[in-house]
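Trainee: In order, the protein sequence lines correspond to chains A and B.
Numbering follows the working numbering, in which position 370 of the first sequence is assigned residue number 370; successive positions increment by one, without gaps.
Numbering follows the working numbering, in which position 22 of the second sequence is assigned residue number 756; successive positions increment by one, without gaps.
Everything labelled a hint here was simulated from the structure, so no lab data went into it.
Each residue gets a CB set at the ideal place from its N, CA and C atoms; glycine is no exception.
Where hints are given, some of them may not hold.
Below 25 angstroms or equal to it, Euclidean Cα-Cα: the simulated DSS-like pairs (lysine-lysine) are [unchecked claim]:
1) Lys48(A) / Lys36(A)
2) Lys6(A) / Lys726(A)
3) Lys839(B) / Lys772(B)
4) Lys730(A) / Lys6(A)
5) Lys772(B) / Lys48(A)
6) Lys77(A) / Lys772(B)
7) Lys450(A) / Lys583(A)
8) Lys730(A) / Lys839(B)
9) Lys730(A) / Lys1034(B)
10) Lys956(B) / Lys1024(B)
11) Lys1024(B) / Lys1034(B)
12) Lys726(A) / Lys1034(B)
Distance windows between CB atoms, simulated [as the list claims (entries may be wrong)]:
13) Ser125(A) / Glu866(B): 47 to 53 angstroms
14) His154(A) / Ser1055(B): 46 to 52 angstroms
15) Arg919(B) / Gln427(A): 54 to 60 angstroms
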Amino acid sequence: MDVSLKMDEPVAESLLDTTNQNIVSQPVDRVEGPLKVSGTARYSAEYKFPGLLHGVLVSAPMGKGRILKIDAGSIEKLPGIVTVITDYDTFLRNPAQGQDEEAPEQGVRDVSYFGQPVALVVGESFEAARHGAQRIALDMRPDEGRFDFAARKHMAEPKKRSRKAQGDLDAALAAAHATIDAIWTTPSQTSAAMEPHAGIAVWEDNKLTLYGSYQMLASDRLQLADALGLKPEQVRIVARYVGGGFGGKLGISAESVAAAVAAMRLNRPVRVVMTRQQVTEATVRRSNTEQRIRLGADAEGRLTAVAHETITANLDRSSFSEPASASTQFLYGGQARLFLNSIVRMDQLLSASMRAPGEAVGMLALECAMDELAETLGMDPVALRLRNIPARHPMDGLPFSSRSLAECLEIGARDFGWSDRDPRPAQRREGDWWIGVGMAAAARSNMLIKSSARVMLAPDGTAVVETDLTDIGTGSYTILAQITAELLGLPVSSVEVRLGDTDFPPSSGSGGSFGAASAGSSVYLACESLRQEIAEKLGIAPKDLVLTEGMARHGNVSRPLHEILSGPLTAIGTIEPGEMEEKFVQAGFGAHFCEVGVNAHSGEVRVRRMESTFAAGRILNEKTATSQCLGGMVFGIGAALTEDLMHDPRNGAIVNHDLAEYHVPVNADIPALKVRFLEERDEKANPLFAKGIGELGISGAGAAVANAIYNACGVRVRDYPITLDKLIEKLPPA
Amino acid sequence: MRPFEYHRAGSVADATTHAASGAARFIAGGTNLLDLMKLDIERPERLIDISRLPLDAIEENEDGGLRIGALVSNADLAADLRVRRDHGVLSRALLSGASGQLRNKATTAGNLLQRTRCYYFYNPALPCNKREPGSGCSAIGGRNRIHAILGGSAQCIATHPSDMAVAMMALSAEVEVMSAGGEGRRLPLAELYRLPGDTPHIETVLNPGDLITAVLLPAPLKGRHIYRKVRDRASYAFALVSVAAVIKMDGATIGAARLAFGGLAPMPWRDRAVEDVLIGQSPSSALWNKAADRLLAEAKGYGENDFKSVLVRKTLASVLSDASVREI
């Protein structure tokens, strides 16, 4: 029986607390792990089709201009070239934002950013097509572009509805015992997922199948259909495995539309794989930001004023603006408040969501401002944060659904040995290295998105789960198998999870840390419905039913499923957000503690130790959740120390458009990291009592690094990343 | 990738003969060349595969030095017991470069001849005099944090990316070259490279068909061997600045000094005048500063790379302090 639940009320009791199978929460190995390490997990560009053609996008070699002519004749004679596909109206100007239900802006005759894909060269091999794409003659009229953020930021315009204000900020700041007023800047960043944007389009019987590398298939399908003028029913997207997304694959991008146009015209399957340079130049970036933070506190360290104003950049007509103050709005108290986002219009690639949009860079500013305030007040930074945890949301007065921030701060500080620190900077020296410690809080909003899943239970004690959720490397396959196994009393190995196909019931997709809780809840509901059906067949109350080891038990009677079921049982479960998200502030929380070394001569920074404590409701799989947090912390270290997508202000080009020069941390940059989870249940969030975990680890992580750098060497750098050139002239005498 | 002819060389003479005409490139490890071909930056019409030639031995010379075959991999060279024992600066430089996988594949001669990592050289959509002579230098006036402060010209400020070559410069290595006409010659590594001047696309004195067959290291240098590489991340990043130093103390004064620098110039940089500042002097911060003054006398920053002057000054001081501790 199909069932749905709208989260209008807290869930009184979760079956996960009563079934006692001891499967959920356990550190179960990834169920698809053996396929991945043996190279047999098939990623989208790896499907084989007879007659498959290879397309490579043509990148515009300038940042602003108009295409006068694309001369296909210039390359037609090159070996292996099949044709050149141009469609000035259909090709995407830029990728879609996640969850949009229509195509993003289309049309490529006008070039809006350097590297914008303008055509597709189709060849018999990838090599031939790439060669053609590099050599095709483009006749373009260059136009004056807007490439220099520093020169244009005074033209920033407030984003609609982003302004939130309360109280008299100026008066509160004037009356404060201690204030901070400073500007932090963060550079553009790229997700740098290992798998590039890639797909194969197959056009058959008036239907398009895209084997794509995307995160949110239900909305991607709507975007793709709209872009191509097809009905949604004519489009199917398959993405069984996705080699990382981090927000870069939320919405459709140029390669899928180009592949589809080519496949429809040529009546042959067409594969398009972006080069690394194209992924960097022509998918999405996290916008650079300039953030002004003002804090005011009384003599006891109670915040009286909090202001967080952010300038971001984006293309014309793109409304997304990195919501850097997202967690500032609820993390700490203070009566007078101001939050505002402004957008500078730039001719640079689309700004969109990258892992923890908002918190990831907002907390780089906020949590350093808090560190500076603690120093001004002569307070311990942990104590300052503990003092300012608000009873309720400081503006709308809503209570928190669950919040273990204080526990994370206290337990994290204890485990790290925080009390041993010397708060004075540049006091600890080991050989050539100044050593310091720093901390920051973590907070990331929790979301629930409408999501459906089908669960089929067969009499032989096996189950199949189907939903269009993607596993972008996070562990979705595994946790859905665990939830099903737990609730149906089966071993994990008896559950087959099928993901990443729009033929399956639509899910939340993977994004915003909501995939596990949303899709997991839909699986939960379907399993709960199956349990009810079994109980009905047995004539007992569902609460008296025990499912374990493929047997149904009640009282002292135990029967195998095949005796009870004449055929497979199927149920679709659907979860929907409801009043719980309007009545409660929902977020995951944590605390990062970090130790760094700063080379006294060169200014090189090396993280020596990082320990983070998180609480995010029920942890569904301790191993995959830990991996999520570790990955987030590594992202945070990258944001603090190395990652900087560099634009050339003269022409808009991204100069470091490959992984040699866009520096994500490498193994040698990452010491032993420690993750600890605190027990927590959130009955307002969803029936799993779980909250999102994918973005909590990055939130605040880089600020802990920055604060540790200050403690090590006494230099505050507010311009990320903190590379050695920003430290070297200010270091204390070696 | 442009179509190219492939020829597997059966001998050194076969290799040089085939390379003498047309746009030919030797290929061994291919760790840099193949990337550049995929990007349509290197456009050879013919690849001469020398990877099967018998040039992969490390032999001891009569003078106590080593003859390193052109095809010895970076990994093997770094791990060679004689290199580790007698030429520590070289082993350390090699291990600071690239990654384990690349060092397994990359060869000695290929490492010497790798191309710059200038952002603009790698982007065919933008001007670069090294890639497209006469098109202009995008780094000057552009993003030049990683660029040269010494030896550059108004046409090019790209740096040479090798770590290995920096150590070899400090060791006064020579290269052995075979020409297409079958004539062998030896030249100091310092004379292999050309500064960009008005022809930044010409990086060495090699003629078409010339094949580096070996690198010759002179007899071991006594003293402390240090290679300090300063970079943006702990591995898999090119040097912002690197210092190769071999310092031999003579009692309380510096008896012998060899210094070479990476990340500063279009070639591995050695300035004997800097070494002369040190020889016969007692270690002191003032002396280190004097050496840096000498090194940087002609230095020119281009904005984002201005910090390299301070960075190399401080790094040199710390290296010299470590290297000049009196032997006990």
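Trainee: Please go over all the hints and tell whether each is borne out by the structure.
Mentor: Hint by hint, here is what the structure shows:
1. Lys48(A) / Lys36(A): holds (18 angstroms)
2. Lys6(A) / Lys726(A): violated (51 angstroms)
3. Lys839(B) / Lys772(B): Status holds; Cα separation ~18 angstroms.
4. Lys730(A) / Lys6(A): Since the Cα atoms of Lys730(A) and Lys6(A) sit roughly 56 angstroms apart, the hinted pair is violated (cutoff 25 angstroms).
5. Lys772(B) / Lys48(A): Given that 25 angstroms is the threshold and the Cα spacing comes to 24 angstroms, the pair holds.
6. Lys77(A) / Lys772(B): OK: Lys77(A) and Lys772(B) at ~19 angstroms, within 25 angstroms.
7. Lys450(A) / Lys583(A): It holds: about 18 angstroms lies between the C-alpha atoms, which stays within 25 angstroms.
8. Lys730(A) / Lys839(B): The given pair, whose Cα atoms are some 41 angstroms apart, is violated under the 25 angstroms limit.
9. Lys730(A) / Lys1034(B): Holds, at roughly 21 angstroms.
10. Lys956(B) / Lys1024(B): holds (24 angstroms)
11. Lys1024(B) / Lys1034(B): holds (18 angstroms)
12. Lys726(A) / Lys1034(B): Roughly 19 angstroms between the alpha carbons, so the hint for Lys726(A) and Lys1034(B) holds.
13. Ser125(A) / Glu866(B): 47 to 53 angstroms: violated (27 angstroms)
14. His154(A) / Ser1055(B): 46 to 52 angstroms: Holds, at about 47 angstroms.
15. Arg919(B) / Gln427(A): 54 to 60 angstroms: holds (59 angstroms)
Figure legend: structure checked against the earlier numbered hints; hints not met, in rising order: 2, 4, 8, 13.
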